[in-house]
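Sequence order for the protein chains is A and B.
Using full-length UniProt numbering, you'd call the opening residue of the first sequence number 1 and step up by one each time.
Using full-length UniProt numbering, you'd call the opening residue of the second sequence number 1 and step up by one each time.
Among the hints, a few may not be true.
Distance windows between CB atoms, simulated [said to hold, decoys possible]:
1) V12(A) - Y6(B): 38 to 46 Å
2) A16(A) - L202(B): 14 to 22 Å
3) G67(A) - L524(B): 41 to 49 Å
4) F484(B) - T34(A): 52 to 60 Å
None of these hints come from the bench; they were simulated from the model.
Beta carbons are placed, not taken as given, at the ideal position from N, Cα and C, and that holds for glycine.
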Amino acid sequence: MHLHKFEKIWLVFGMASLALFLLITGFAAFWKGTHPQSHIETIDPQNVEAHEAFKPENLGLQEVADGKYTVNIVASAFNYDFGTDADGKAVKRIRVPKGSTVLFQITTKDVVHGFQVAGTNVNMMVEPGHVSRLETVMKNTGEFTVVCNEYCGVGHHQMFAVVEVYE
Amino acid sequence: MMLKNYNFTKKESRLYMSFMYVTFASLLIGGLMGLLQTLARSGEFQLPFGINYYTILTVHGVILGLVLTTFFIVGFQFALMGKTVGISDKQLKWAWIAFWTMLVGTIMAAVTILVGQANVLYTFYAPLRAHPAFYFGLALVIVGSWIAVFTNFRQLYVWKKANPGQKSPLLAFMVTINMAMWFIASLGVATSVLVQFIPWSLGYAATINVLLSRTLFWYFGHPLVYFWLLPAYMAWYAIIPKIIGGKLFSDSLARLAFILLLLFSIPVGFHHQLTEPGIDPTWKFIQVVLTFMVIIPSLMTAFSIFGTFEVRGRKLGYKGLFGWLRNLPWNDVRFLAPFIGMVAFIPGGAGGIVNASHQMNALIHNTIWVTGHFHLTVATTVILTYFGMAYWLVPHLTGRRLTPKLNKLGIIQTIIWTVGMAIMSTAMHIQGLLGGPRRSAFSNYMGGEQVETWISYQIAQAVGGTILFIGIILMIYIFIQLAFFAPKGVQEFPIAEEEVDAEPTPLILENWYLWIGITIALILFAYTIPVIDIIKHSPPGSIPFDWPIGR
Chain A
1 MHLHKFEKIW
11 LVFGMASLAL
21 FLLITGFAAF
31 WKGTHPQSHI
41 ETIDPQNVEA
51 HEAFKPENLG
61 LQEVADGKYT
71 VNIVASAFNY
81 DFGTDADGKA
91 VKRIRVPKGS
101 TVLFQITTKD
111 VVHGFQVAGT
121 NVNMMVEPGH
131 VSRLETVMKN
141 TGEFTVVCNE
151 YCGVGHHQMF
161 AVVEVYE
Chain B
1 MMLKNYNFTK
11 KESRLYMSFM
21 YVTFASLLIG
31 GLMGLLQTLA
41 RSGEFQLPFG
51 INYYTILTVH
61 GVILGLVLTT
71 FFIVGFQFAL
81 MGKTVGISDK
91 QLKWAWIAFW
101 TMLVGTIMAA
111 VTILVGQANV
121 LYTFYAPLRA
131 HPAFYFGLAL
141 VIVGSWIAVF
151 TNFRQLYVWK
161 KANPGQKSPL
171 LAFMVTINMA
181 MWFIASLGVA
191 TSVLVQFIPW
201 SLGYAATINV
211 LLSRTLFWYF
221 GHPLVYFWLL
231 PAYMAWYAII
241 PKIIGGKLFS
251 DSLARLAFIL
261 LLLFSIPVGF
271 HHQLTEPGID
281 PTWKFIQVVL
291 TFMVIIPSLM
301 TAFSIFGTFE
311 VRGRKLGYKG
321 LFGWLRNLPW
331 NDVRFLAPFI
341 GMVAFIPGGA
351 GGIVNASHQM
361 NALIHNTIWV
371 TGHFHLTVAT
381 TVILTYFGMA
391 YWLVPHLTGR
401 RLTPKLNKLG
411 IIQTIIWTVG
421 MAIMSTAMHI
431 QGLLGGPRRS
441 AFSNYMGGEQ
451 VETWISYQIA
461 QAVGGTILFI
471 GIILMIYIFI
481 QLAFFAPKGV
491 QEFPIAEEEV
501 DAEPTPLILE
511 NWYLWIGITI
521 ALILFAYTIP
531 VIDIIKHSPP
541 GSIPFDWPIG
551 R
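With the sequences and hints as input, model every part of the structure.
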């Protein structure tokens, strides 16, 4: 099959850029550990409380070590359960200091949900029967809106919270 | 060698036109839903009569993403086959059966959605449960399309028998590739609908494996977008050259590009599931690599299309590096609309690279960036090319012609579309980068600066959406003119020919056993182990949920 000389140059350049791009992506994934979240752990969606992390008393923000936090959340249509505060009110806002390492752990009791902390790389699908987990360093201060970004029903847009990172 | 093209009989034309009627009726209904969505999400308007945002969102996605595209493609491809390899009376009968099966399925699904029993969006993710009629409707659309697939295969087979030793006409070859891809891919979603959804929605199965159903959906979902795109490529490779007065750039190159698109269209679905739990990241990465192989035929396509333009321009005597651009028929809508589609595919494709990237995906997954992306690709590149085809196909079928006045309206339509989409899609891309979610009704969330910024872009989308709707009304007007009122005459069915001294096409390019064999091998490689993993490590299944969608 005949290829024009310019076309050969074009394709060789294109394929070389592609190979370089994939090498960088692969290097980042396998050597730097920047895989997308892919937790393999399963859970019974009708009994999420059986899991240590999703017991009602363990929900919400916990400082596990100096500058290290865990946030456990149970999603359901149309709410993120971050536990309750001292007055027994549902928590909708969590605050962490700048530079802290935060591990988000979330599962769902019913349908598929999304969990995105807008403005950060925290963006996970939440599926019944699975635990989604992502650790990140909160490098910037500000208020970050937590949104459900996978359609979960007619109240989908009412599913939200806020993560506040302070100085 | 000159290939003989067939003239359409009245009976044939009626078949192809039937697909066009459904296409443009869908455009009007789906487009109206799109307008309502952008207005509602601007926060400035409320939907009347208590209509649910997610009902119109489902109608919009199903009617435009599944119905308009499939009807146009199947009808257009039947016309291409009829023109290049002919259609027998028996095949014509089967084509009608395909049409009616698809139409009945469409109406079933559409009614179920409109009465609020299927607010599940066009991806119908379990365990949200729609009324069983929705799934039956979808199954019928798929089965109808399969009848079309096998009728097309039969058409080429009969032609090959009658023309031994000859290579198949290029367009017939391309249709066959697209239908082979569609058939192999839709086996995934058909399995999911027939084996998982239907028994579960009827209550015969208590639970459903959610991750498996999503994996089967996306096994189909990515080739679905190539199924939309390949008819546009057919036009770019084999029809546009004729419209500009040129010749085919290279028959073999076009075939090779289509084969590569077939090979790398299916074993790639995980790049839609990158942020999902339960799938080994190594397999995600393998499918990301396979996804990017599609860049090779895309580069080949870009080269040969612009090569065609340049060769034509230089033949007309235009000199200089870009002088040949001047000779292109900018005032011919049959060229202008698809050309703008090609240009939109440059940012569209670049955005696609972001979407399919193992890491960058996390920034934009399920944000409205993705909506912006496919409004550039399918709703600009693909649809403007389809419109570009309709300007000559419809009058060709109805025995009328595209008058200078209608051509001018078409050019205005193309410009309106381009402006509207530039505003809407750009606003969506930016809002998505800022984290704004897709598929959501208007919401203030918890308030704050971030949300204020999102809303300002949502207002821009409403402006773009309104302009686009004006474009849709104009397109419908042009279609009605071309179908019923334009003056009688003969409108050419443009098919590009090879240069007289073109090199022969290698026979291996038409070795179906080889290419389908490699396609299946790649699919088995990419999916066998992860699917076994998904089944082996599956959690307790999910019971159905009706109330979240208001049932």
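Item to check | Unmet hints by their number, sorted upward, for this structure | outcome: Those not satisfied come down to hint 2.
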